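These protein sequence lines are chains R and U, in that order.
Just so you know, we're using our numbering here: the first sequence kicks off at -4 and counts up by one.
Just so you know, we're using our numbering here: the second sequence kicks off at 115 and counts up by one.
Think of the hints as simulated: they come from the structure by calculation, not from any bench.
What you are looking at is a predicted structure, and each value in this text was computed from that prediction instead of being measured.
Note that CB positions come from ideal geometry on N, CA and C, so glycine has one too.
There's no promise every hint is true.
In silico DMTMM-like links for lysine to aspartate or glutamate, alpha-carbon gap of 25 Å or less [unchecked claim]:
1. Lys167(U) / Glu128(U)
2. Lys64(R) / Glu40(R)
3. Lys(-2)(R) / Glu128(U)
4. Lys(-2)(R) / Glu173(U)
5. Lys(-2)(R) / Asp152(U)
6. Lys64(R) / Asp26(R)
7. Lys92(R) / Glu128(U)
8. Lys102(R) / Glu141(U)
Simulated coverage check for chain U against chain R, where a stretch passes if three residues somewhere in it have a Cβ under 8 Å from a Cβ of chain R [unchecked claim]:
9. 151 to 162
10. 219 to 226
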Amino acid sequence: DAKTTQPNSMESNEEEPVHLPCNHSTISGTDYIHWYRQLPSQGPEYVIHGLTSNVNNRMASLAIAEDRKSSTLILHRATLRDAAVYYCILLTSGTYKYIFGTGTRLKVLA
Amino acid sequence: DAGITQSPRHKVTETGTPVTLRCHQTENHRYMYWYRQDPGHGLRLIHYSYGVKDTDKGEVSDGYSVSRSKTEDFLLTLESATSSQTSVYFCAIQRQGIQETQYFGPGTRLLVL
């Protein structure tokens, strides 16, 4: 299973954009890039996913490098409620098992 | 929240006793999963199920068994609990129609003394 590398922690000021990086240099052509986040004392929740093209939804944007060896989750305006651990996960199409890393703990400063 | 409930939400037990955790879903999803989460770690897959009576092991399956006799329930059993199984346990389902994304329950906090 391909692995991902994320910074252990990041800080952001409230109402500013946040760019959370993820490196996945061993990604294969059939691997989807998924992002989840885990708020304190809750289970993870789905944020966004993509394969090759950049993706947007109501929660965030996902920017995928042209060589697909890295990606960036973008929160356009961080709020205090966005403080969480963010996980970048690779999932091979047709498989159904996630491999979670330790994620990035995002702290949002008021 | 995909209609996922876990029971119990908290449990304290003693080493050597059997423990069963229940995951219940209301939306008839085929795939269900059990994970554990320990401090400083992300989630690790214990077992998963791809249908009634169809289960397979994850990366940390030793000491755990599972059963799925009906679509809506996925049971995780610790046959003889050990202190190393103290953890937070999360159940998840894969929602059909949304490509391979999972939805998680609220978790069960288990303490083995």
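Structure-based check of each hint:
| no. | hint | result |
| --- | --- | --- |
| 1 | Lys167(U) / Glu128(U) | violated (29 Å) |
| 2 | Lys64(R) / Glu40(R) | holds (24 Å) |
| 3 | Lys(-2)(R) / Glu128(U) | violated (36 Å) |
| 4 | Lys(-2)(R) / Glu173(U) | holds (14 Å) |
| 5 | Lys(-2)(R) / Asp152(U) | holds (19 Å) |
| 6 | Lys64(R) / Asp26(R) | holds (11 Å) |
| 7 | Lys92(R) / Glu128(U) | violated (31 Å) |
| 8 | Lys102(R) / Glu141(U) | violated (34 Å) |
| 9 | 151 to 162 | holds (count 7) |
| 10 | 219 to 226 | holds (count 3) |
In terms of the numbered hints stated before, the structure departs from hints 1, 3, 7, 8, listed from lowest to highest.
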